[in-house]
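Novice: Chain by chain, the residues:
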Amino acid sequence: NAGVTQTPKFRILKIGQSMTLQCTQDMNHNYMYWYRQDPGMGLKLIYYSVGAGITDKGEVPNGYNVSRSTTEDFPLRLELAAPSQTSVYFCASSLQGAQNTEAFFGQGTRLTVV
Amino acid sequence: GIQVEQSPPDLILQEGANSTLRCNFSDSVNNLQWFHQNPWGQLINLFYIPSGTKQNGRLSATTVATERYSLLYISSSQTTDSGVYFCAVVSYTGNQFYFGTGTSLTVIP
Chain A
1 NAGVTQTPKF RILKIGQSMT LQCTQDMNHN YMYWYRQDPG MGLKLIYYSV GAGITDKGEV
61 PNGYNVSRST TEDFPLRLEL AAPSQTSVYF CASSLQGAQN TEAFFGQGTR LTVV
Chain B
1001 GIQVEQSPPD LILQEGANST LRCNFSDSVN NLQWFHQNPW GQLINLFYIP SGTKQNGRLS
1061 ATTVATERYS LLYISSSQTT DSGVYFCAVV SYTGNQFYFG TGTSLTVIP
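For the record, the sequence lines run as chains A and B. No gaps in the numbering here: position 49 of the first sequence is 49 in the numbering used here, and each next residue is one more. No gaps in the numbering here: position 88 of the second sequence is 1088 in the numbering used here, and each next residue is one more.
The hints are simulated quantities; they were obtained by calculation from the structure and are not laboratory data. Just so you know, not all the hints are guaranteed correct.
To spell it out: a stretch of chain B is covered by chain A in this simulated footprint if at least three of its residues, at any positions, have a beta carbon under 8 Å from a beta carbon of chain A; those stretches are [claimed, not checked]:
id	region
1	1041-1047
2	1055-1062
3	1082-1092
Because the structure is a prediction, the values reported are computed rather than measured. Virtual Cβ for every residue (Gly too), placed ideally from N, Cα, C.
Next comes chain A alone, as it looks inside the complex (with noise of 0.2 Å):
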């Protein structure tokens, strides 16, 4: 019963540097959503997608890119890595959009950039 799995679990890049945070769901949901999370505060929406092919922008995208394949895996690039991205990023499924179902977090992902 693995949920949402997310790898690597700490990285450490230096700034310049791109890689990518992979996310799976075995729970067959349709939506995927990835959060990241600053130091003592609440998680705010990088991107999400409502099943495969679509993706959209939340309220923090700058700097990110999305693709959505499959319905089981949402991974989150970052592309000329940055100080202000370093954070702890989680993602998140639901079986259907945020209104209206539970969502199921990862464990995170915590990054830093030097």
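Fit chain B to the given chain A structure using the hints.
Specialist: Just chain B, lined up with the frame of chain A:
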């Protein structure tokens, strides 16, 4: 977006004590969840409670949607209850959760 305020911001309890955490929100919502973020950073679902009252063991929650608040009750607290408790809401027309800044709970033996 919706403004979510949680109180108190910090709480220190003796083991066995009870507490009430509050979440106020600025607009009508169609979804409200309570999460516990444990010391390892993991977000754990506590309640999906857009309205009404639910109980799960020592925890219970009540949402009064018409008055735009929700309460989380923790009874007979244990050290494992320590962590940050977040309230998150979704508006009727929205597609994302808006999180409060959380209540940091420390339970001391």
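Novice: Can you name, in rising order, the numbers of the hints this structure does not satisfy?
Specialist: Of the numbered hints given earlier, the structure breaks just one, which is hint 2.
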